[in-house]
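Chains A and B supply the protein sequences, listed in that same order. Every position in the first sequence, counted from 1, becomes a number in this note's numbering once 5 is added. Every position in the second sequence, counted from 1, becomes a number in this note's numbering once 661 is added.
Careful: at least some of the hints might be erroneous.
[What the hints assert, rightly or not] Far from chain B by the CB rule (all over 12 Å, computed), these chain A residues:
1. ASN11
2. LEU78
3. CYS220
[As the list claims (entries may be wrong)] Every beta carbon over 12 Å from chain B, so not counted as near; a handful from chain A, in silico:
4. GLY15
5. LEU25
6. ALA49
7. PHE107
8. PHE133
9. VAL143
10. ILE200
[As the list claims (entries may be wrong)] Below 20 Å or equal to it, Euclidean Cα-Cα: the simulated EDC-like pairs (lysine to aspartate or glutamate) are:
11. A:LYS43 - B:GLU754
12. A:LYS221 - B:GLU697
13. A:LYS221 - B:GLU707
14. B:LYS668 - B:ASP748
15. A:LYS41 - B:GLU835
Everything labelled a hint here was simulated from the structure, so no lab data went into it. No experiment lies behind these values; they were computed from the predicted model shown. Beta carbons: idealized from backbone N, C-alpha and C, even for Gly.
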Amino acid sequence: MNSLYNFAVGPLAWAAFIILAVTAVWRLWSMYSLAKQKDASSVAYMSWKFSFRSIFNWLIPYKSLGWKANPVLTAVTFVFHICFVVLVIFVTPHQILLENAFGITYPTLPTKAADVLTLIVIACCCYFVYRRLTNATVRFVTRTNDWISLGLVAAPFVTAILGSWSVGGEIMPLLHVLTAEALIVAIPFTRLAHILFALFTRAYIGSEFGGVRHCKDW
Amino acid sequence: MSIQDRKIEDAGLSFGVSNLTTEKIQQTFKALIDNETGAKLKAFSESCMRCGMCAEACHFFVSHDNDPSYSPVGKVSATMTKLLAADGKVTPEDIYGMAQIAYTECNLCRRCVHYCPIGIDVAYIMTTIRRFCHQLGVTPQYLQDTANSHSATMNQMWVKDDEWVDSLFWQEDEAREEFPNIRIPMDKEGADFYYSVIAPEPKFRTQLIYQAAAIMNEAGCDWTMPSMPGWDNSDMCMYSGDFEMMGRLKRQHFELAQKLKVSRIVMGECGHAFRSIYDNGNRWLGWKDYPVPVVHSIEFFAELFEQGRIKLTHKIQEPVTIHDPCNIIRGYGLMDKLRYVAHQLCDNIVEMYPNREHNYCCSAGGGVINCGPPFKKVRVEGNLAKANQLKATGAKICIAPCHNCHGGLEDVIHHYDLGIQLKFLGDLIYELMEKPE
């Protein structure tokens, strides 16, 4: 089991990150090339000023009409994304892996805090599941790949908290690493691709609204 | 509710679909994806998290008891998402439903953009579906009729060349009784501007040309109206998906201005025509800037007031509300100028909410009203949201500086028995301005 775990956090992790890096760069580059080739009449209006204006305003909770009209979802969405990023970077075992690999050190979260944040992320995922089942519009448009994306995101957090509670013994840390790696590899190929593209689509529509349509897009 | 449960019989859609096979559909779809769409569609399609936040933005959704199939994401899901998943292999019957959704249940008003964290432009996706349906020959009959008129006559309403000139003479003649020195200068070279209108003006709102002439005359403008094809600035081809024809229309409009050597074009109180100039037609032609400057009537009237060239006898005292047309407000940011002009004319403006760039659409725009009588009911019932907004103001007059909005709001006001009078800015300026004794 130990050697399997070492393989998972070693070569397999490297493989997952390399696959992510290569495919993410490839996806972004091919999307950029396609935009230049096919959407020149849109690319022509791209503007740094209006891109950042739009991104900035959408990063403020309850600023846009969309955030205002969906108060609970807005809270859950912000909390989910913030906790997700904080945990990925600041949880102690991740820092240790980085230290072992690259010698990088920085302060990390106490275990208790990490557990609380993990539970919050899981709770957020539960809300997403609940909303997908109970909100008629969301149910109407939900397809299998939406569930797969949600499952991929939730799995590493569920296994992390179970591992932290020592449930399932040694298998749980292994499952955590494997599910996290599955998530990493899946990013460019599923709906999670919004991680790669959302800033650009936001920047694009911000440029259109600011530069062409002369009004707010939030 | 599925689109098949609310299928509406339309001669154009039925005829178009009767000529289709699944193979032809797939072939056309692949060509569309390969040749015409690019990163925008791909990024939008792959990034949408189907969170449903856009639903509440749409007046069709809100007015139809929050029916998910009317939500923006629901409409995308039943059209583009389905086509992409099946690589275009869908049945002719599916295409009927998709055409009905894209042409008649989305006004391309872009309100949903204000609700989407990722910034997905559903109007672009629906426009692409319309383009696809046009290429398949599946378009609502009434809308296609206006597109045919554009290609045969270069105007939307089958107005013949001599009828157009005759309408201008007629209005000039009629106005002489009230304004003895009035002229509608025709084809005057080197004038300050040419005034362009949409073809429904000579066809059935001819008094608007009379009023415009009266305003220009009293303000002492150096202006002209062209006698040649190109005088119509409207563009239903943009909405039917016939982009080749959209390009021809815009080119003709600008080339006429260049031929007349005018300094700029002033466009009448219409929204969609403006969209076709600043957003769609220009891009199709590959122009980032216009060869001749263009302004909307709102901007032009604001200019006349700023320069003190319009003198009013009085202002409207009773409560007046303002409808913000999507294409010139969310589309072109004219909300402050519209309010400036409205406040020049009325003492008591009551805002409706939401307003400005967050306005609800009139539900006529985007070519929806041009799809004709078969789809009137869904359009009017799909705009209970607007009726409620109007009602809440308590105003008995509503300013709407757009032809499509007038058409749509008239139907809403009638259907919900709101007892509100609709006015163009030109109506009010004409009514309130000083006239010769």
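Going down the list of hints, with the structure as the test:
Listed as a non-interface residue, ASN11 (chain A) keeps its Cβ farther than 12 Å from every Cβ of chain B; the least gap is roughly 35 Å. With a closest Cβ-Cβ approach of about 7 Å to chain B, LEU78 (chain A) is found to fall inside the 12 Å limit, against its non-interface label. At roughly 4 Å, the least C-beta separation between CYS220 (chain A) and chain B is not larger than 12 Å, which violates its mark as non-interface. Against chain B, the non-interface label of GLY15 (chain A) holds: every CB pair exceeds 12 Å, the least being about 32 Å.
LEU25 (chain A), annotated as away from the interface, keeps every beta carbon of chain B farther than 12 Å; the closest lies near 16 Å. Here ALA49 (chain A) does not stay apart from chain B, with its beta-carbon only about 6 Å from theirs, under the 12 Å limit. Interface exclusion of PHE107 (chain A) from chain B stands, the closest Cβ pair being 31 Å apart, more than 12 Å. Not every CB of chain B lies more than 12 Å from the CB of PHE133 (chain A), the least distance being 9 Å, so the non-interface label is violated.
The claim that VAL143 (chain A) lies off the interface is violated: its Cβ sits roughly 4 Å from the closest Cβ of chain B, which falls inside the 12 Å cut-off. The beta carbon of ILE200 (chain A) sits about 9 Å from the closest Cβ of chain B, which is not more than 12 Å, so the claim that it is off the interface is violated. With a CA separation close to 30 Å, the supplied pair LYS43 (chain A) and GLU754 (chain B) exceeds the 20 Å bound. A distance of roughly 28 Å separates the Cα atoms of LYS221 (chain A) and GLU697 (chain B); the hinted pair therefore is violated under the 20 Å criterion.
For the given pair, LYS221 (chain A) sits about 24 Å from GLU707 (chain B) by alpha-carbon distance, which is inconsistent with the 20 Å threshold. Of the pairs offered as hints, the one joining LYS668 (chain B) and ASP748 (chain B) is violated, with about 24 Å between alpha carbons and a cut-off of 20 Å exceeded. For the given pair, LYS41 (chain A) sits about 54 Å from GLU835 (chain B) by alpha-carbon distance, which is inconsistent with the 20 Å threshold.
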